[in-house]
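Number of protein chains: 2
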Amino acid sequence: MKNKVNREIPDEILASTGYKPFESVEYGHQVNQRVAPKVRATTGPSKVVESIDKIVEETVRDGMTISFHHHFREGDFVFNMVMRSIIDHGLKDLTLAPSSLTNVMNDIVVEAIEKGVVTNITSSGMRGSLGDVVSHGALKNPVIFRSHGGRARAIENGDIKIDVAFLGVPNADEMGNANGMNGETAFGSLGYALMDAQYANTLVLITDDLKPYPNTPASIKQTQVDYVVKVDKVGDPDKIGSGATRFTKDPKELQIAKMVNDVIIHSPYFKEGFSFQTGSGGAALAVTRFLRQAMLDNHITASFALGGITKPTIDLLEEGLVKKIMDVQDFDKGAAFSMKSNPNQQEIDASWYADPANKGAMVDKLDVAILSALEIDTKFNVNVMSGSDGVIRGAIGGHQDAATAKLTIISAPLVRGRIATIVPDVTTVITPGDSIDVVVTEIGLAINPKRTDLIEALSKVPGLPIYTIEELQERAQKIVGTPEPLQFTDRVVALAEYRDGTLIDVIKQVKD
Amino acid sequence: MKNKVNREIPDEILASTGYKPFESVEYGHQVNQRVAPKVRATTGPSKVVESIDKIVEETVRDGMTISFHHHFREGDFVFNMVMRSIIDHGLKDLTLAPSSLTNVMNDIVVEAIEKGVVTNITSSGMRGSLGDVVSHGALKNPVIFRSHGGRARAIENGDIKIDVAFLGVPNADEMGNANGMNGETAFGSLGYALMDAQYANTLVLITDDLKPYPNTPASIKQTQVDYVVKVDKVGDPDKIGSGATRFTKDPKELQIAKMVNDVIIHSPYFKEGFSFQTGSGGAALAVTRFLRQAMLDNHITASFALGGITKPTIDLLEEGLVKKIMDVQDFDKGAAFSMKSNPNQQEIDASWYADPANKGAMVDKLDVAILSALEIDTKFNVNVMSGSDGVIRGAIGGHQDAATAKLTIISAPLVRGRIATIVPDVTTVITPGDSIDVVVTEIGLAINPKRTDLIEALSKVPGLPIYTIEELQERAQKIVGTPEPLQFTDRVVALAEYRDGTLIDVIKQVKD
Chain A
3 MKNKVNREIP DEILASTGYK PFESVEYGHQ VNQRVAPKVR ATTGPSKVVE
53 SIDKIVEETV RDGMTISFHH HFREGDFVFN MVMRSIIDHG LKDLTLAPSS
103 LTNVMNDIVV EAIEKGVVTN ITSSGMRGSL GDVVSHGALK NPVIFRSHGG
153 RARAIENGDI KIDVAFLGVP NADEMGNANG MNGETAFGSL GYALMDAQYA
203 NTLVLITDDL KPYPNTPASI KQTQVDYVVK VDKVGDPDKI GSGATRFTKD
253 PKELQIAKMV NDVIIHSPYF KEGFSFQTGS GGAALAVTRF LRQAMLDNHI
303 TASFALGGIT KPTIDLLEEG LVKKIMDVQD FDKGAAFSMK SNPNQQEIDA
353 SWYADPANKG AMVDKLDVAI LSALEIDTKF NVNVMSGSDG VIRGAIGGHQ
403 DAATAKLTII SAPLVRGRIA TIVPDVTTVI TPGDSIDVVV TEIGLAINPK
453 RTDLIEALSK VPGLPIYTIE ELQERAQKIV GTPEPLQFTD RVVALAEYRD
503 GTLIDVIKQV KD
Chain B
3 MKNKVNREIP DEILASTGYK PFESVEYGHQ VNQRVAPKVR ATTGPSKVVE
53 SIDKIVEETV RDGMTISFHH HFREGDFVFN MVMRSIIDHG LKDLTLAPSS
103 LTNVMNDIVV EAIEKGVVTN ITSSGMRGSL GDVVSHGALK NPVIFRSHGG
153 RARAIENGDI KIDVAFLGVP NADEMGNANG MNGETAFGSL GYALMDAQYA
203 NTLVLITDDL KPYPNTPASI KQTQVDYVVK VDKVGDPDKI GSGATRFTKD
253 PKELQIAKMV NDVIIHSPYF KEGFSFQTGS GGAALAVTRF LRQAMLDNHI
303 TASFALGGIT KPTIDLLEEG LVKKIMDVQD FDKGAAFSMK SNPNQQEIDA
353 SWYADPANKG AMVDKLDVAI LSALEIDTKF NVNVMSGSDG VIRGAIGGHQ
403 DAATAKLTII SAPLVRGRIA TIVPDVTTVI TPGDSIDVVV TEIGLAINPK
453 RTDLIEALSK VPGLPIYTIE ELQERAQKIV GTPEPLQFTD RVVALAEYRD
503 GTLIDVIKQV KD
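Chains as they are written, first to last, in my numbering: chain A, 3 to 514; chain B, 3 to 514.
So here's chain A without its partners, still in its complex pose:
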C-alpha cells in the first residue's frame, strides 16, 4: 500500500513488523502507558570495575539490546572498546540501539555484522562503509531509523527496550554520578544519553576521570547506574567538536544564508521573544551571524535557542540576544565548555527536546527551524538519509522533530556537483513536505503553497527571488540533466520511522 506521502510500503513489512503507515504530522493527544526498567538494588561503597571485559561478561547475553550515545562524535573511544570486547566474547544476535553512529564506529560495526554479533540496528543514521554494506544487504534484519525525538518516544513507550547501556562520560564518581560538562573530554549536554540512563535495565558508565564522591552536578545520577568502568581514555578531545565553527566564505553558502535570514526577518515570527534552531555547518553559522545583526538592528531578543548548540549561539546568549539555550547536544568545545558556568544554558534530554508523545517538547514551542537536506522534492518532502545512488549516508537527527516548527526553512544548494538537490521525487522520504514551509537555494526560494500567509508576506519583500518548487526543480534539472532511475532489489534493508512511530518510507537493497 501507499502511505500519505505516496510511498509504497510493502504489505509484508506492515504485517511482519506491526507498523502503521505514516498518516499525519499531527500527533494529537494520545494517552500512552510508559514503560520502566527493572532495577537491581545496589548497596556498597563503590561500583567501580577495572575492566570492560569483566563487565561485558557480567552483563551482556545473546539476543540483548545494547545502547551507546554519540556525544563524543568522531572522538569516541568507548564504542570501539566495548564492541571489541563484545565481538571477542563471541556474543550473537545483538540489537544495537545507539543514539546515532558516527564514522569512527563504522569498521567495528561492519565486523560485528559480518560475524553475526549484531543482527539488528536502530539508529538516527549511518554513513560511510557501514551505510554501504547495509545498503548492499549485509545486515540480517532491516535497520530502523528514528529521529532523536522518535528514539526518545520509542524508549519511553517500550519499542526500544535497552538491556545494557554503555555510556561514556568525561567524569564520574565511584557510585555513578556524572555529567558531560567537566573534564578534558567534556562534550557538554548529555541530552541523548539521559534517555538510556533513565530506561536501561543495566547502566554501565565508562570514564577516564574518577571524581571524589559525590560528583555534581549529576546529569546522570547514581540511582541509575550499575557499574562504573575506569579506562585510560574515553575520547579524543580534538575530535569531539564538529570542527565547522568557522564562518563560511563560500559565496553560494553566504547567498543562501542571507536569503534564509531575509525569510526569517520578514516572516510574522520575527518578533520579541521568538525562538529558533539553526544547527551546525558553515551555512547555519552564517545564518546565526546575519540573525544576530538583524536582532540588534530591530531591538529584538529571542526567548530561547534550541538544538545542537554551537559557539556562535553561546555568544548570542552571553550578549543577551538570546535569553535561554535549551541544549540537547553541543557541536563544539565552545558550547560544551560554556554549560558548566552559564545557568541559562539548560541541559535537556531528548524527550524534552523532541518527543511528540510527551506532555510538551521544546520543538512544540519552536518558531523558526533552519534545516539541511540531501534532496527536496516538489511535494516539499525531504531526504536526509540516502544518496542519489540509493546508498545510506545520512541521519535523521532532529530533522523530523524541528521541522514541526512554525516556520521551517530548508537551506540547500540547487545542485551539488552533477546531482540535483531539488528533484521530482526524493529517494527516501524522511521529513514530510507537510512540515516544510520554505526551501531556500542560492538562486531563490520556494514557499509551500499551503502557506498562503508566507507567500503574501514574502512577496512584498523587494529583491527576494520567489519561485515555485517546480520551477526550482526544473532549473536544477536543466543544469544536471535527468539521471537514470535507481535500481533496487525487492529486499528492504531499512525502515524509516516518522517521529510518531509510523512508517514513512522503506529503503531497499541497491542493485550492484
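Treat the hints with care, since some could be wrong.
One copy or any two copies: either way a pair holds, since identical chains are not told apart in the list.
[Unchecked claim] Simulated crosslink set (DSS-like; lysine-lysine; CA at most 25 angstroms straight-line):
#1 Lys325 <-> Lys213
#2 Lys4 <-> Lys325
#3 Lys342 <-> Lys213
#4 Lys40 <-> Lys462
#5 Lys408 <-> Lys213
For the record, the hints were derived by calculation from the structure and aren't laboratory data.
Using the hints, position chain B against chain A.
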C-alpha cells in the same frame, strides 16, 4: 505473629493487606520491576488554567489517589485550596498520599475524613487534631506511614499509584517548567515532590508566579506537567522556614549536643572526607556548631552533608568545611535561598536521598546521622510516631533511612516532663534497634552492645559517661516512676512500614 522487632502483627492484617512482617535492616540486591505513568500527549502554546475548581472537575474522580508535597510546611496555602475544592465537589473515597502532613493541613483533612471524601491516607506522619481523630478511629481504613525513602520506593514500585498530583511551586512557566529556588515563596529543594512529578499520571502545578518561557533551572520539567494553575498566593513566606535556626541556650540541649559531638569526633568515622546528616531543631544546630569547631581544630573537611538542610550547614559549605550539600529539603530560608546560587548545593529527589530499592542512595554512603526520638527502648528501637498516651503525633521523615548510617546517634533527653524517653518498650517501633548505634542523653550515653568497636573506642575517652541502655532506662524510671499501661482497642488505625515495605508495627485505636 510477632515480627523481628517483637511486635505483634495481627494475622488478619497480614492476610488482608499482603504485607510481609519486618525481617531485617539489610535490603540486599532484589530486582524490582519499576512502574511508569500513563502520559497524555500535550501540544499547544500553554497549559495555564485560571481555576482550581476547573482542574478538580477535569481531573479528580471518586476513588482516586491524590498527592501533595509538604515543602511549604506551615506556610502552605495550596493543600487547603485544593482540598476545599475537592470537598465542595462532593468527591468520595479518595486516597490522600502527600509526602507528609503539616499542622496547617489538619482541619481540612479532618473535615474530609468526616465527610467520607478521604478514606485512605499514606503519609510520613501527622500531628495535632488529625493525629487525634485518626488515633480515635475516625478514618475508614488504616493510615500507612512511610519514611521519605520508603515513599519513594513505594511510588517507584507501584505500591502508591498517584492519579493526580497537586504540587505548589514558587514559580513556573506556561508549560510547567518550575523550581523551588526562585520567587517570594521559595523553599529550595523540591526533593520529595520530584517523585510525584515523575510518577503521577496527571500533574497539576499551582503557582503564584508565572515566569517567561522557558523557565530554568527546571527541577520539574514541562514533559511531566499537564496543567498549570495560577493563584494569588501559594504560601506564606514567613511560615515556610521551621524557625528553629537559632543556637539553643537550653543547658540540657547544649550538654547533649556536646556529648554527641564527642561521640562523633572519637569515632572511627571522623576523618577527612566523612559525611553527616544533622537535621533540624535547636540541639541539631548546636551539634553542627560543635562539629564545625572540631573540623577546624582537626583540619578535617566533610565530603557531603545530607538531608534536610539548615543555614548553619550552608555556612559550613561556604566556609569550605563541607564540599557538597545533597539537598532533599531545606528547613529555613537561608538554606532555601542559597540553592539557586551555589552549584555545590545539589538538589536530590527522595529516591536518591533514601530509597533502599534503587541503585544506591545517599544514605548508603552516610557516615554519621544524628536523629531525634520520642521514645527509645532497651532494644534500641526508636519511636518517632506515637506519644506516651498512644496518640499519633509524629512523622517518620527520614528517620528509618538515615539510621542506616555507619554511626547513628539518637539525641534525646532522658525524660520530658513526667514522661520517660528511655523506656522498656517503645509504644510504636518505627526504627529498629539494629540500625541504632548510640543513644545520647544529658546524663550520659548508651552504646548498642553489638557495636563492640564503638564501645572500645569511646571507653577510652576521658569523662564520657557511658551507661548500658538498661541503666539509662532505670534512671529515667526512677525520675518519673512507672506509668500505667496504655489501653488500646483491637482495631488497627495505622500501619507503620519499614523503609523496605515490610510491616514494622501497627498502631491501634486508643481507648477513651
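Structure-based check of each hint:
Taking the shortest Cα distances, Lys325 and Lys213 sit within 25 angstroms of each other only across copies (13 angstroms), while inside one copy they are farther apart (32 angstroms). Taking CA atoms no more than 25 angstroms apart as the test, Lys4 paired with Lys325 passes in neither setting, with 44 angstroms inside one copy and 62 angstroms between copies. In this homomeric assembly, Lys342 and Lys213 come within 25 angstroms of each other (Cα to Cα) both inside a single copy, at 16 angstroms, and across copies, at 23 angstroms. Within a single copy, Lys40 and Lys462 get their C-alpha atoms no closer than 59 angstroms, and across copies no closer than 48 angstroms, so neither meets the 25 angstroms cut-off.
Taking the shortest Cα distances, Lys408 and Lys213 sit within 25 angstroms of each other only across copies (22 angstroms), while inside one copy they are farther apart (44 angstroms).
Checked against the numbered hints given earlier, this structure breaks hints 2 and 4; the rest are met.
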